[in-house]
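*Asks:* Can you build the whole structure from these sequences, using the hints too?
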Amino acid sequence: MGFRPLHDRVLVRRIEADEKTTGGIIIPDTAKEKPQEGEIVAVGTGARSDEGKVTPLDVKAGDKILFGKWSGTEVKIDGEDLIIMKESDILGIVG
Amino acid sequence: MGFRPLHDRVLVRRIEADEKTTGGIIIPDTAKEKPQEGEIVAVGTGARSDEGKVTPLDVKAGDKILFGKWSGTEVKIDGEDLIIMKESDILGIVG
Amino acid sequence: MGFRPLHDRVLVRRIEADEKTTGGIIIPDTAKEKPQEGEIVAVGTGARSDEGKVTPLDVKAGDKILFGKWSGTEVKIDGEDLIIMKESDILGIVG
Amino acid sequence: MGFRPLHDRVLVRRIEADEKTTGGIIIPDTAKEKPQEGEIVAVGTGARSDEGKVTPLDVKAGDKILFGKWSGTEVKIDGEDLIIMKESDILGIVG
Amino acid sequence: MGFRPLHDRVLVRRIEADEKTTGGIIIPDTAKEKPQEGEIVAVGTGARSDEGKVTPLDVKAGDKILFGKWSGTEVKIDGEDLIIMKESDILGIVG
Amino acid sequence: MGFRPLHDRVLVRRIEADEKTTGGIIIPDTAKEKPQEGEIVAVGTGARSDEGKVTPLDVKAGDKILFGKWSGTEVKIDGEDLIIMKESDILGIVG
Amino acid sequence: MGFRPLHDRVLVRRIEADEKTTGGIIIPDTAKEKPQEGEIVAVGTGARSDEGKVTPLDVKAGDKILFGKWSGTEVKIDGEDLIIMKESDILGIVG
Numbered sequence: 001m002g003f004r005p006l007h008d009r010v011l012v013r014r015i016e017a018d019e020k021t022t023g024g025i026i027i028p029d030t031a032k033e034k035p036q037e038g039e040i041v042a043v044g045t046g047a048r049s050d051e052g053k054v055t056p057l058d059v060k061a062g063d064k065i066l067f068g069k070w071s072g073t074e075v076k077i078d079g080e081d082l083i084i085m086k087e088s089d090i091l092g093i094v095g
Numbered sequence: 001m002g003f004r005p006l007h008d009r010v011l012v013r014r015i016e017a018d019e020k021t022t023g024g025i026i027i028p029d030t031a032k033e034k035p036q037e038g039e040i041v042a043v044g045t046g047a048r049s050d051e052g053k054v055t056p057l058d059v060k061a062g063d064k065i066l067f068g069k070w071s072g073t074e075v076k077i078d079g080e081d082l083i084i085m086k087e088s089d090i091l092g093i094v095g
Numbered sequence: 001m002g003f004r005p006l007h008d009r010v011l012v013r014r015i016e017a018d019e020k021t022t023g024g025i026i027i028p029d030t031a032k033e034k035p036q037e038g039e040i041v042a043v044g045t046g047a048r049s050d051e052g053k054v055t056p057l058d059v060k061a062g063d064k065i066l067f068g069k070w071s072g073t074e075v076k077i078d079g080e081d082l083i084i085m086k087e088s089d090i091l092g093i094v095g
Numbered sequence: 001m002g003f004r005p006l007h008d009r010v011l012v013r014r015i016e017a018d019e020k021t022t023g024g025i026i027i028p029d030t031a032k033e034k035p036q037e038g039e040i041v042a043v044g045t046g047a048r049s050d051e052g053k054v055t056p057l058d059v060k061a062g063d064k065i066l067f068g069k070w071s072g073t074e075v076k077i078d079g080e081d082l083i084i085m086k087e088s089d090i091l092g093i094v095g
Numbered sequence: 001m002g003f004r005p006l007h008d009r010v011l012v013r014r015i016e017a018d019e020k021t022t023g024g025i026i027i028p029d030t031a032k033e034k035p036q037e038g039e040i041v042a043v044g045t046g047a048r049s050d051e052g053k054v055t056p057l058d059v060k061a062g063d064k065i066l067f068g069k070w071s072g073t074e075v076k077i078d079g080e081d082l083i084i085m086k087e088s089d090i091l092g093i094v095g
Numbered sequence: 001m002g003f004r005p006l007h008d009r010v011l012v013r014r015i016e017a018d019e020k021t022t023g024g025i026i027i028p029d030t031a032k033e034k035p036q037e038g039e040i041v042a043v044g045t046g047a048r049s050d051e052g053k054v055t056p057l058d059v060k061a062g063d064k065i066l067f068g069k070w071s072g073t074e075v076k077i078d079g080e081d082l083i084i085m086k087e088s089d090i091l092g093i094v095g
Numbered sequence: 001m002g003f004r005p006l007h008d009r010v011l012v013r014r015i016e017a018d019e020k021t022t023g024g025i026i027i028p029d030t031a032k033e034k035p036q037e038g039e040i041v042a043v044g045t046g047a048r049s050d051e052g053k054v055t056p057l058d059v060k061a062g063d064k065i066l067f068g069k070w071s072g073t074e075v076k077i078d079g080e081d082l083i084i085m086k087e088s089d090i091l092g093i094v095g
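Chains as they are written, first to last, in the numbering used here: chain A, 1 to 95; chain B, 1 to 95; chain C, 1 to 95; chain D, 1 to 95; chain E, 1 to 95; chain F, 1 to 95; chain G, 1 to 95.
Hints are computed from structural coordinates only; laboratory data are not their basis.
Be a bit skeptical, because a hint or two may be false.
[Claimed, not checked] Footprint (simulated), chain F over chain E, 3 or more residues, beta carbon under 8 Å: (1) 2-8; (2) 45-56; (3) 70-82.
For each residue, glycine too, the CB sits at the ideal point set by N, CA and C.
*Replies:* Pasting the structure below:
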C-alpha cells in the first residue's frame, strides 16, 4: 500500500542508533534531544507558493537524513512505524 | 443536498479504524493523537492568493487521506458527521 | 436602509436550526460550538491586496453558508439581528 | 483648524444612539461591545504598500459607518471628541 | 549638532498642552493616554522595502503632528528632550 | 584582526557619556534605558531579501550613531568591547 | 562520512577559547552568553524563497565565524561534536 506525502512533506523511516555502523553518526542515549537519523521513504511533489508555483524538494527517496527528535507526526503504515514531516524539518543529508 | 467547501477547504468523511482492511493503515486505540484516515467528499475551487490568483487543490473527491486528529471543524450534513478542513491539514494521500 | 460591508466582509442573516427542512443540515443543540447556517444578505466589493488589487468575493447575496459559531460581529440593522464577518470565516456554500 | 489623518487612517465623529432616526441602526445599551455608528470627518491619502504604492481609501468624508466599539484612538480637536482609526477597523457603510 | 533619523524614523519635539492656543487641540490632564501634539524636527530618507526600494515619508520638518503618548524613544540632543519615532506612529497632521 | 559583520549587521564601538563634548548628546545616568551613542567600526554587505537581492546599508564605518541601550550582542575583539547589531537597531546618525 | 546541510544551514566546528592565539577574540568564562567562535565545515546550497529561487550563502567552508552561544542544534558526526545552524545565526566572519 502506498502513501504519497502532500506538498512539501516527506515520509521518513527512523534509523535506530544500534543499526549504525562504526564511524557513522552516533547519538548517545544520554542526549535525548539530539537529532536522529532516518531514511526518506517517499516525498511530496514540492512546496507550493501562495501564487501556486511548485518547487520540487531537495531530498529524494533513499536519502539518509538527520532531523530534529521532535519533528513531524508519527504514523503506522502497513504495520511499520514511520514519520511524516516537512522538508524544512530536515537538517541535512548524510553520506 | 450539496455542500461546496470555500477556497482551499475540503469536506472529509472519517474512515473508522474498524473499517480498514488487513495490511492497511492501522492506528491503535492507545495512540489517540495519531493521524486519522478519511475520504475526500468535496473540494473547494482552490487556494486564493492576496493578488486573487486561484491555485486548484492537489486532492480530489474520492481520495483517501491521512489528517491530524484535531484538524478541521466537525459538521453534520444530511444526517452524516463530516469534517471541513483546509488542504494544508492533509498529511498525504493513501493508496 | 442599506448597509454595504467594506472590502472582504459580508453581512449574514443567521438561519435558526428550527427553520431547517428535513434532510438539511442539522446541528444538534448539544454541540454548541458546531458551525451554523446562514444566508448572505450583502457582500463587500472584494478583498484588497497590499498593492491595491481588488479580488471580488466568491459568495453573493442569497447564498446559504456554513460559518463558525464564534465568527464575526453581531449588529442590529432595521431591527434585525445580523452578523458582519469576513469571507474567510465562511466554511462553504450549502445547496 | 484642520486635521489630516496619515496614510490609511480616518477621522470619525461618533453618532450617539439617541440621535438616530426610527428604522435606523439601533444598538441597545445592554450590548456594550456591539458596533457603533459614526460619520467620516476626514480621510488619509491611502494605504501605502511596502513598495510605496498608495491605494486610496474606499470611504470618504460624510460616509456613515459602523465600527467596532474598541477601535481607534480618541482625540479632542477644536473641543470636539473624535476618533482616529484605520480604514480596516470600519465594518461597512450605512445608507 | 545635527541628527539624521534613519530610514522611516522622524525626530519630534513635543508640544506641551499649555503652549497651545485657544481653539487648538486640547488634551486634558485627566486623559493621560490620549495622543499628544508635536512638531517634526527632522525626517529619515524614507521607508526601505525588503527589495531595497525607498519610499520618502509623507511628513516633513515643521509639520505639526499627533502621536500616541507611548510612541517612540526619548533622547536628549543639545540639551533638548526630543523623541525618535517611526512615521507609522504618527496619527495625522494638524493644521 | 578583522571582523566582517554578515548581511545587515554592523560592528559598533560604544561612546561613553563622559567622552562627549559640551553641546553634544547627553544621556543622564538616571535614564538607564535611553539610547546610547556609538561609532560604526564595520558594516556588512547589506540586507538580503528572500529573492536574494542585496541592499547596501545606509550607514558606513566612522558614522556616529544612536542606538537602543539593549540592542545587539556584546563581543570582545582584540581585547576591545564592541557590539554587533542589525542596521534596523540604529535610530539615526549624529553630526 | 560526509554531511550536506540542507538549504541555508551550515555545519560548524566550535573553536574552544583555549585554542585561540593572543590578540584574537577572547570570550571570558564569566560571560557565558557571549558569542562563540567556530569554523564552517560545510554549507547548504542556499536559501530557497517561496518562489523556489535559491540564493547561495555568503559563507563557505573554512570561514571562521562568530555565532550566538545558543544557536543551532548539536550533533556528533564521525565521533566529533559539531553544530548545525542557519546562516542567519552567524554574526560575522573573523579574519
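*Asks:* Work down the list of hints and note, for each, if the structure agrees.
*Replies:* Going down the list of hints, with the structure as the test:
1. 2-8: Holds: 6 residues of the stretch 2-8 of chain E have a Cβ under 8 Å from chain F.
2. 45-56: As far as the stretch 45-56 of chain E goes, the hint holds, because 5 residues have Cβ atoms under 8 Å from chain F.
3. 70-82: Result for this restraint: holds, n = 7.
In this structure, every one of the numbered hints holds.
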